[in-house]
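Heads up: the sequence lines are chains A and B, in that order. Each position in the first sequence, counted from 1, maps to that position plus 50 in my numbering. Each position in the second sequence, counted from 1, maps to that position plus 3 in my numbering.
Keep in mind the hints are simulated off the structure, nothing from the lab. Take these hints with a grain of salt, some might be off.
What the hints assert, rightly or not - In silico negatives: residues of chain B with every beta carbon more than 10 Å from chain A:
{"#": "1", "residue": "6"}
{"#": "2", "residue": "71"}
{"#": "3", "residue": "85"}
Said to hold, decoys possible - Counterexamples of contact, computed for chain B against chain A with all Cβ distances above 10 Å:
{"#": "4", "residue": "7"}
{"#": "5", "residue": "63"}
{"#": "6", "residue": "150"}
{"#": "7", "residue": "154"}
{"#": "8", "residue": "200"}
{"#": "9", "residue": "201"}
{"#": "10", "residue": "202"}
{"#": "11", "residue": "240"}
{"#": "12", "residue": "290"}
What the hints assert, rightly or not - Under 10 Å between C-beta atoms, here's a sample of chain B residues computed to sit facing chain A:
{"#": "13", "residue": "55"}
{"#": "14", "residue": "103"}
{"#": "15", "residue": "105"}
{"#": "16", "residue": "107"}
{"#": "17", "residue": "155"}
{"#": "18", "residue": "316"}
Virtual Cβ for every residue (Gly too), placed ideally from N, Cα, C.
So the chains spell out like this:
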Amino acid sequence: MVAPIYNEMCDASGQPRSHYQAFDAWLKACPEEMVHQKQTEADLISRRTGITFSLNGDEDGTERLIPSDLIPRIIDAHEWADLEKGLVQRVKALNMFLHDVYHQQNILRAGLIPSEQVLANAQFMPMMLSLDLPHQTYAHIAGVDIVRHSDGGFYVLEDNLRVPSGVSYMLSNRILMMRLFADLFRSYAVRPVEHYPALLLQTLRSACWVEQPTVVLHTPGRFNSAYFEHAFLAKQMGIELVEGSDLFVRDGYVFMQTTEGPQQVDVIYRRVDDIYMDPLSFLPDSFIGVPGLASVYRQGHVVIANAMGTGVADDKSIYPYVPEMIRFYLDEEPILKNVQTWQCRKPDELSFVLANLPDLVVKEVHGAGGYGMLVGPTASKAEITEFALRLKANPNNYIAQPTLSLSACPIFVDQGIAPRHIDLRPFVLMGKETRIVPGGLTRVALREGSLVVNSSQGGGTKDTWVLESTEVR
Amino acid sequence: MLSRVAAQLYWLSRYLERAENMARILEVGQSFALVSTSDITRADPETIKEPLVITDTLEAFKATGRPMRSDQVAQFLAWDPSHPSSIFNCIQSCRENARSVRGALTVEMWECINDTWLELLVKKKKAKGSNHPVDSSFFEWIKQRSHLFRGVTFATIQRDQPYNFIRLGTYLERADNTARILSVKTRVAQAEGKDMVDDYYRLGAVLRSVSALEAYRDTYRDAIDADRVSELLIFNARVPRSLLFCLEETSYILDHLPQQTGREARKRCANLLTHLRFGTLNEVYAQGLETYLEEFVNENIHLGDAVQGDYLEVLA
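Start from the sequences, fold in the hints, and give me the full structure.
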């Protein structure tokens, strides 16, 4: 009954797929020592440039490198074209949904989504009601997690519309690969991704009505796990990397503290969660926020990207309704498929889930980063029993999905080359125009058989190549 | 630029300069201890204490309960985690500051600091027990890393505010250091009226510790004496570690920072600079060299405070 895993590089007969043939030939011609040497070189470059990821709660502030595997994940041009269309469609509908739920709420009136699922959702922010945003854009940056199932089709696993991260690894993987394997890039027409920061800056600048806006990147600070990325992006865009204490509110506007005195800020690209943004409106003991920011935002005197309250659209309890949203707002059929999802808040679906826990993946509706989830097939009996108790105590908090057999891609391991499961997170930029750099971040589960690709859980990354055409140069 | 970022750049270079100065003091102290003339013995307790007196850490050292031996003094000043200005802690603070403002540094600058930190950790790990390296090759290495960072900075960063705040930190820290070394070392030379050979080694060590031995020879072409050493290190405008040189640089930097802020810092700097530009050694002696230098150190601290208040923590 277990379907064979889809291998990105080879077909069922073990032959390399057409878009992998040139790579396969190159790899076979490579002496083994060279691969080892390149891997060492890659580790050195990563370590020296400080591509690190420090985990939350690490007491000695130690840093761990996110391992970067040197076998590229290659996507051919046709597949990418479909993915791209599907992503644009999906993120557009999600933005329209956000505008709708914070204005007329037509989708709720139409009865397509139960009102309590939206209005009583912890991620729903009443302060956003009837607030008009430029271009009606809520999720300026979306990181949509996509997996390929054993049927060869792409499925959306989740829509990250709050503060999606990982794009710096996409960029640094490419820099690394070009430094190490210049010859490979000559034989493949790989579409570039290096202009992502330029597109992002353009998106942020056009996200407000001010002519020459001052844009800043708001980070929780250097102890945040994605701090490297914040610094990297700010530098690439040439904007200030600010912490909450650098900003203050005066006379209805936001300013930053500079060596020349206060300077007004028009757009805040924030990498801070909603509830930490303003201690006066949300968590009073947040040190990383800006007191009074919410009121400036309500007056339309500053743009926050992503907008406040976007979490109501990427919540796992809302996820099952995204295909409906696409039909409702765009009058189109969804291009990208959803993974079948059981909502534990529904009694009949809950009993199905409870009866089939060993085969399912159960997730918290507000969870992220691979924390607080149960992977049925790999869990012990005791873990399943314990999880069932938690599930029964608070069914509203969980959804369940079939255990997907994520596709696999070869990676370098100590013994040579072996397949490991991967996913894909493309980054969609939305504003006056919608832009996607071809590819995204490919995350890889480094442990054999593991399906968890999150970097917080020991995952690694790969460079993702979208080809110009299926023809190899 | 952001006040917080400016502050971190300023402090990262202060810490690095502090580490370098510490290495200079310890290195010279060691080579000095190897010279055994009739008057100077290796175990001279005053000589052993000197690095502690210069850095104002005698009490802190005693509190650790370490025996007063030159190797223990060096361990304390170079590696002790409980001593905030130990070389190890300075490099760590420098790197922590750099890490939080990486966006304001060039890649080469960051790699230089990060490599220094990583190598320092390796050296620490390799050491057996608490015997960390305190030999001249270690101090030489610290100096080289500091030189390298200055060179990389000079060669790669845009001439803009970040560059100026980095240099500002260097010169404020350096002026403080030169004044302290001079004060302690000449005190001994003068007070005890040692003979010429003794002066030669003692004052030669002072000059070497601030890389000014060649400058002394070129300037005076004569035996080393205490007056000239003082004159060189206070009033000479061409010696990169003299007080005048440091203040001229500081003044130049302040003139190239935003003028709508920084009034207090510019005022204090101009005051100090006037005394150095137009002062004479006779005036210094009239006041007493030690008192003069003590006053300078205090004024320099006030200048640092003014920089901090004017640019680095501007209140809304």
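* Kindly indicate which numbered hints from before are broken by the structure, ordering the numbers from low to high. => 1, 4, 13 and 17
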